[in-house]
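Protein chains: 2
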Amino acid sequence: MSETPTAQAFIDHSLRLAQIANPESAIVHFNDPLPLDCGAELSPFSTAYKTYGTLNAEKSNLVLVCHALTGDQHVANLHPVTGKPGWWETMVGPGKPIDTDRYFVLCPNVIGGCMGSTGPSSLNPATGIPYGPDFPVITVRDMVRAQARLLDHLGIPDVLCVLGGSMGGMQVLEWAATYKDRVFSAVPIACAARHSSQNIAFHEVGRQAVMADPEWCQGRYLEEGKSPRKGLAVARMAAHITYLSDAALHQKFGRNLQDREKVAFGFDADFQVESYLRYQGVSFVDRFDANSYLYITRAMDYFDIAADHGGVLANAFAGTRTRFCLVSFTSDWLFPTEESREIVHALNAVAAKVSFVEIKSDKGHDAFLLHEPELFDTIRGFLSAAARKRGIL
Amino acid sequence: MSETPTAQAFIDHSLRLAQIANPESAIVHFNDPLPLDCGAELSPFSTAYKTYGTLNAEKSNLVLVCHALTGDQHVANLHPVTGKPGWWETMVGPGKPIDTDRYFVLCPNVIGGCMGSTGPSSLNPATGIPYGPDFPVITVRDMVRAQARLLDHLGIPDVLCVLGGSMGGMQVLEWAATYKDRVFSAVPIACAARHSSQNIAFHEVGRQAVMADPEWCQGRYLEEGKSPRKGLAVARMAAHITYLSDAALHQKFGRNLQDREKVAFGFDADFQVESYLRYQGVSFVDRFDANSYLYITRAMDYFDIAADHGGVLANAFAGTRTRFCLVSFTSDWLFPTEESREIVHALNAVAAKVSFVEIKSDKGHDAFLLHEPELFDTIRGFLSAAARKRGIL
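Keeping their order, the protein sequence lines are chains Z and C.
In terms of my numbering, the first sequence has 378 at position 378, counting the first letter as 1, and numbering is strictly consecutive.
In terms of my numbering, the second sequence has 219 at position 219, counting the first letter as 1, and numbering is strictly consecutive.
Simulated from the structure, these hints should not be mistaken for laboratory data.
Careful: at least some of the hints might be erroneous.
Remember, identical chains collapse to one label, so a pair may be satisfied in a single copy or spanning two.
Result set (SDA-like, lysine to any residue): computed pairs, CA atoms no more than 25 Å apart in a straight line [to be verified]:
no.: 1; residue 1: 252; residue 2: 304
no.: 2; residue 1: 262; residue 2: 304
no.: 3; residue 1: 226; residue 2: 51
no.: 4; residue 1: 226; residue 2: 211
no.: 5; residue 1: 180; residue 2: 252
no.: 6; residue 1: 360; residue 2: 350
no.: 7; residue 1: 84; residue 2: 265
no.: 8; residue 1: 226; residue 2: 60
no.: 9; residue 1: 252; residue 2: 308
no.: 10; residue 1: 84; residue 2: 351
no.: 11; residue 1: 252; residue 2: 337
no.: 12; residue 1: 262; residue 2: 123
no.: 13; residue 1: 360; residue 2: 333
no.: 14; residue 1: 360; residue 2: 278
no.: 15; residue 1: 360; residue 2: 136
no.: 16; residue 1: 226; residue 2: 380
no.: 17; residue 1: 389; residue 2: 370
no.: 18; residue 1: 353; residue 2: 287
no.: 19; residue 1: 252; residue 2: 128
no.: 20; residue 1: 389; residue 2: 319
no.: 21; residue 1: 252; residue 2: 319
no.: 22; residue 1: 59; residue 2: 38
no.: 23; residue 1: 252; residue 2: 218
no.: 24; residue 1: 262; residue 2: 306
no.: 25; residue 1: 262; residue 2: 312
no.: 26; residue 1: 84; residue 2: 30
no.: 27; residue 1: 389; residue 2: 251
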């Protein structure tokens, strides 16, 4: 790697990112290449992760939490960039449904991400500058493969439970399909066995918004000292609508005006919902890398477990001994209940142990991140039962 | 107006647009100002329109068709810009449900539009350059007010039927509320009495996409010789998804790949749905003005008939003698059936003559533009009954 001032700047940038991500995270660097579904390999690669609670002597109490598209490893601590609570603080902690007094909780940042794990903003060892568009296209299975390597590194043979919502749920399914003997129980929440046409369409809109921003610079914005903030904000705004429900938006905002008595006959944010969305867009770009957004949405689009198993979803789970609990939400139109039901049918077809809960909620897809007592009860109960079955007190 | 070369260029541009729109349309220029809801007025202003069939001697057979957000007056003829069939050719024509052998069909381009009626791309008489962001923010009621002026000009006292889908349906409701004595019957299709929070949110995403494009130039792209094509294409893509249904996308595209056997591990359009959406975006910008898109979406956001009548929707229709037929589609999630039902309730509250048809369709919001035999039958039957009631053979 040539130590030109430019390269040095990127190393500084990379270190700064790692420092931001680090105070609460560990990072493991792997020198053995990670083979990818696209045929390329990632070498070296890093995985940043966060843990909560204590691994027991039998190493049998690991709960692996998989994060969603724009999530990261900061599950239950203040986020080092935003200063906000962790994304699943209601779920993970002492005495909480995923009880850190009882379980050892691990959440890795996915590869392709931007919170310390290797992704498009990482330095490409071949060039000494950030990968940018030269980063290989990854899949959900690649993410899971990297997580399995992390478990190997930590010397943990298997997981008591792997769980997550949305793209986290896709990882859960991939874990159960790819590492059958390492998954005692699995909780895929608000997800599907394949990304739907409509969901691909929404992702494509987001990507086009990013790529339409001239500051994207064909993906080389870090080198150019630019940032496609506007494009990424638009992408986030569009996506954010899909995470909510019509009812949730109606209850939260209706047609309420923002700091005014009547409409202003202009293009400022007259309505609270506009102001809210703009805030979602603008605050997102402060904590997320635009290329990571492209790569991770692409990984979700490519997700299709049946296709990877001869076109038959049940094949993916043949012979499984994992205990499954699937969860969906009535108002989730991004991953509707029907998609969870298809997974249940496939699991039934291979006589898997499976329970399925459809939770009545008007919060839309985001329900899995919000205060949903029935979700808390479901996870607490399922996890407890799995732990007892494994002899964990 | 100073005849500088620049101003001349815009006049040429304006004339060229008018010529494109004109071969199939008439344009009426009004010198009397059009008062607008925002308090400003438009003066002078023009309305381009298209007619089909013949006005009878009694002037009692006018069917006024109101177009949707991105529609125009080219209902049933080849579109002069795209060369494609008119947007409602299945509905309007000799022997068709809106039978031009029987009815005189009129469709005006809305003000704010870009197919010959005065809009943000028109020359501002005060400056001699296109209005751009100086165009006043208009409302659906303003559009309807301009249409009433057109009827006055044509010497037609009232309409046998006013009908339209989506924003066209909003205009229908506004006609029935504002010009009670001029509307014999009304068919609002796939619409609502007010724009929902979720719909405002999607519009805001589209507007932000346009305004994020540096070629938007704060709305002065015509003067700068630029065009926010990328931003407008992204806006159209996002909107287009909302016009369809999950089921329609699934049936049409599923996860089918575009001209390839397997995914390419890149950001080209691997999936047919991506390719389709990109085409929708790119082809739209060839026929639509970006500022018109901003202004018309804003008019829809502002639409809230109840708010204009003391907060009670029924008040808007008190004393109406209009015969109503409302139509909704089961898979329309942009304007769900519930929203039509609210209008029906309000009409019932004032003892209006109202029928309501919810059509089972998996085509989503766009169903009103597509081959839906039950819609054809409904409109043919309702219109025939209204015509008979009026003594039209």
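Hint by hint, here is what the structure shows:
no.	hint	result
1	252 - 304	between (34 Å within a copy, 18 Å between copies)
2	262 - 304	between (48 Å within a copy, 12 Å between copies)
3	226 - 51	neither (34 Å within a copy, 52 Å between copies)
4	226 - 211	both (13 Å within a copy, 19 Å between copies)
5	180 - 252	neither (42 Å within a copy, 35 Å between copies)
6	360 - 350	neither (28 Å within a copy, 36 Å between copies)
7	84 - 265	neither (35 Å within a copy, 35 Å between copies)
8	226 - 60	neither (47 Å within a copy, 63 Å between copies)
9	252 - 308	between (41 Å within a copy, 22 Å between copies)
10	84 - 351	neither (43 Å within a copy, 54 Å between copies)
11	252 - 337	both (23 Å within a copy, 21 Å between copies)
12	262 - 123	neither (51 Å within a copy, 29 Å between copies)
13	360 - 333	both (13 Å within a copy, 19 Å between copies)
14	360 - 278	neither (29 Å within a copy, 36 Å between copies)
15	360 - 136	neither (40 Å within a copy, 45 Å between copies)
16	226 - 380	neither (45 Å within a copy, 58 Å between copies)
17	389 - 370	neither (29 Å within a copy, 56 Å between copies)
18	353 - 287	neither (39 Å within a copy, 56 Å between copies)
19	252 - 128	neither (47 Å within a copy, 45 Å between copies)
20	389 - 319	within (19 Å within a copy, 71 Å between copies)
21	252 - 319	neither (46 Å within a copy, 35 Å between copies)
22	59 - 38	neither (33 Å within a copy, 69 Å between copies)
23	252 - 218	neither (38 Å within a copy, 31 Å between copies)
24	262 - 306	between (52 Å within a copy, 14 Å between copies)
25	262 - 312	between (56 Å within a copy, 17 Å between copies)
26	84 - 30	neither (30 Å within a copy, 57 Å between copies)
27	389 - 251	neither (42 Å within a copy, 43 Å between copies)
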